[in-house]
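*Asks:* Letter by letter, the chains look like this.
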Amino acid sequence: MSLHLESISSLRKQLTSGDIAPSDILDALSESIATQNPAINAYLSYDLETAKKDANAADLSKPLGGIPIAIKDNINVQGQPCTCGSKILDGSYQSPYNATVINNLIQSGAIPFGRVNMDEFAMGSTTESSAFGKTHNPRDLDRTPGGSSGGSAACVAANMAIAALGSDTGGSIRQPASHCGVVGLKPSYGRVSRYGLVAFASSLDQIGPLTQNVEDSAIILNAISGHDAMDSTSIRDEARDFTAGINDGVKGMKLGIPKEYFGEGIHPDVRAQVDKAIKGLEAEGAEIVDISLPNSAYAVAAYYIIAPAEASSNLSRFDGIRYGHRTEKPSDILDLYKSSRAEGFGSEVKRRIILGTYVLSSGYHDAYYNRAQKVRTLIRKEFEEVFQKVDAIISPVTPTAAPLLGADKNNPLQQYLADIYTISANLAGIPGISVPCGTVTSESNTQLPVGLQILGAHMDEQTILRVGQTVETISS
Amino acid sequence: MSSEKIDVRYVANLARMNVSDEECVTFQGQLETILGFIEQLKDADVDDADLTTHVNPITDELREDISRDGLEQKDLMQNAPDSALGQIRVPKVVDA
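Same order as they appear, the protein sequences are chains C and Y.
For the first sequence, this note's numbering begins at 1 and goes up steadily by one.
For the second sequence, this note's numbering begins at 1 and goes up steadily by one.
Hints listed in this document are in silico derivations from the structure and should not be mistaken for laboratory results.
Careful: at least some of the hints might be erroneous.
Unchecked claim - List time: in silico BS3-like cross-link candidates among lysine-lysine, alpha-carbon distance up to 27 Å:
(1) K409/C with K92/Y
(2) K74/Y with K374/C
(3) K374/C with K92/Y
(4) K134/C with K87/C
(5) K329/C with K92/Y
(6) K53/C with K13/C
(7) K87/C with K74/Y
(8) K87/C with K92/Y
(9) K329/C with K42/Y
(10) K381/C with K5/Y
(11) K259/C with K42/Y
(12) K74/Y with K53/C
(13) K279/C with K389/C
(14) K42/Y with K5/Y
(15) K62/C with K13/C
As the list claims (entries may be wrong) - To be clear about the criterion: a stretch of chain C counts as covered by chain Y if any three or more of its residues have a C-beta under 8 Å from a C-beta of chain Y, and this derived list gives those stretches:
(16) 71-77
(17) 82-95
(18) 225-233
(19) 340-349
(20) 358-371
Unchecked claim - Beta-carbon label-pair distances, calculated as ranges:
(21) H227/C with E32/Y: 41 to 47 Å
(22) D69/Y with K279/C: 54 to 60 Å
(23) G133/C with D7/Y: 32 to 38 Å
The structure presented is a predicted model; accordingly, all values stated were derived computationally and were not measured.
Glycine included, each C-beta is placed from N, C-alpha and C at the ideal position.
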């Protein structure tokens, strides 16, 4: 099989002209997975036979007709496992229904193919907290692919998937996209239904695509977005074609550079790549505007109250009663809950459940949770004001390129601080995209990708896709 | 907000989760470091700020009151760790 696993638009041309069949793509993928997955561990499972049946029935006239898409293991696909990277859902659990995004993908002709690895319940930024082994970065196997959607980013980067779905609660799409050299889009909160996504922090979670290029992200967003009666935070918006205008360039656009995102924490080599991309955008006719987001300094602290608080509530459903792991021979019902949860959850999840329970507990609720929600308002308003002045904001995605596996193993706070540039977008509900803008050379002489983050006003994905397309063109 | 010690075992019990002695020690140190970091929120001027629970201007979103098919009982029961006669089995919860 010599089929080259290219972008969606390229494969779609070959499919509609009859040069290739959907099963050819699946064959090429399974060959690529067989060769590479043992070293990378992006896929937890896949079902080639079912996918081939789906492929034979796929309507090639649809926008994603015949295109397989890898699914992060926290999004429900009927009849498939959904482990969330956790032992608590290992074994016999099978999704009884499709998430709305999956129904939407199928309606667009796509084939959900394979379950990809993630940090347990999406809590982490390295994919090392998965109960099913860490995922390795395809660009340098000694390094993390990022997380929590590390499997999604790694499978696209290694040509083991055409595209993938991930979820982003504090940067979990954009950060692994940056570390693996692919495009990752977190849509506006409410743009894409969360129904069928296993909830981590409901007010922050959003599903989005990880793809080989910007246009593919727009194509997938077309398919998965839209109002859904099953998600009460889903927004009613007119039907849009997110691919429209992405090639229109940035001439005359005002792009804001927040000084707080270029402070002492950023590695000089990463900064050099980001600065080069900003110069490139300026050369394309964008006006570069210095801006300030002073309250973003509080974003990490507010996030690590709000997200664990919501998680501690959401994860109470894993109690060993209706689904998931149940301890053997419990002495009574209380022991059943406490032992099942202790045996099923890994360390990072336990840590966050305890932190979340603590900040919500009597006597601490006002001091922690309410205060964090007020700070969240400050951050949100600050973005609203800035977007009166600029069309989009440009920043790094992460302070460094992909770290070595195991680097911050015993220091969770250190790991949390690396989310500093991505978390604000979740708190404010605004869209963000990570687009590869260059590489840096590691100590072991490997080339590590660097992503550029583009943030837009709420519900304005079109502008960031357009800027992203320009970055892609000038970086290649 | 304070830097008082977190009683890991007490809080874990509130969350209905056992923790080992070793986990208690590890989590205590890590969580107190995190709580220390979080204390910076004291410096934010939030006097005039409302709470943001989620960012969208949507409240009281209701679906039309129309019945529709849900999941079949067998689809829901297939994931239950222990069941019999179409019901989920649990240890005794009420003393006779």
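*Asks:* It remains to establish, for every hint, whether it holds in the given structure.
*Replies:* Comparing the hints with the structure gives:
Under the criterion of a C-alpha separation no larger than 27 Å, the hint pairing K409/C with K92/Y is inconsistent with the structure, at around 41 Å. Taking the CA atoms of K74/Y and K374/C, the gap is near 45 Å; set against the 27 Å cutoff, the hint is violated. At roughly 44 Å between alpha-carbon atoms, K374/C and K92/Y are farther apart than 27 Å, so this suggested pair is violated. A threshold of 27 Å between alpha carbons decides the hint, and for K134/C with K87/C the separation of about 14 Å falls inside it, so the pair holds.
Taking the CA atoms of K329/C and K92/Y, the gap is near 12 Å; set against the 27 Å cutoff, the hint holds. As the CA atoms of K53/C and K13/C are separated by approximately 21 Å, the hinted pair is consistent with the 27 Å bound. At most 27 Å may separate the alpha-carbon atoms for a hinted pair to count; K87/C and K74/Y meet this at roughly 24 Å. With a C-alpha separation of about 26 Å, the suggested pairing of K87/C with K92/Y holds against the 27 Å cut-off.
At roughly 47 Å between alpha-carbon atoms, K329/C and K42/Y are farther apart than 27 Å, so this suggested pair is violated. Proximity of K381/C to K5/Y is assessed by CA-CA distance (about 34 Å); at most 27 Å being required, the pair is judged violated. Taking the CA atoms of K259/C and K42/Y, the gap is about 23 Å. The hint holds against a cut of 27 Å. For the hint linking K74/Y to K53/C, the alpha-carbon distance of about 25 Å falls within 27 Å, and the restraint holds.
For the hint pairing K279/C with K389/C, the CA-to-CA distance comes to about 20 Å; that is within 27 Å, so the pair holds. Straight-line distance between C-alpha atoms of K42/Y and K5/Y comes to about 18 Å, which keeps the hinted pair within the 27 Å bound. For the hint linking K62/C to K13/C, the alpha-carbon distance of about 12 Å falls within 27 Å, and the restraint holds. Closer than 8 Å: that is the beta-carbon criterion, and the stretch 71-77 of chain C has 0 residues meeting it against chain Y, so the requirement of 3 is violated.
Chain Y is given as covering the stretch 82-95 of chain C, and this holds because 3 residues of the stretch bring a CB closer than 8 Å to a CB of that chain, at least three being needed. Counting residues of the stretch 225-233 of chain C whose beta carbon lies closer than 8 Å to any beta carbon of chain Y gives 3, which reaches the threshold of three, so the coverage claim holds. Check result for the stretch 340-349 of chain C against chain Y: holds, 4 residues qualifying (beta carbon to beta carbon below 8 Å, three or more required). For the stretch 358-371 of chain C, the assignment as covered by chain Y holds, since 6 residues bring a beta-carbon within under 8 Å of that chain's beta-carbons and 3 suffice.
Distance hint for H227/C and E32/Y: a CB-CB separation of about 44 Å, consistent with the stated range 41 to 47 Å. Checked against the given bound of 54 to 60 Å, the beta carbons of D69/Y and K279/C, roughly 57 Å apart, stay inside it. Against the hinted window of 32 to 38 Å, the Cβ-Cβ separation of G133/C and D7/Y comes to about 34 Å, which satisfies the hint.
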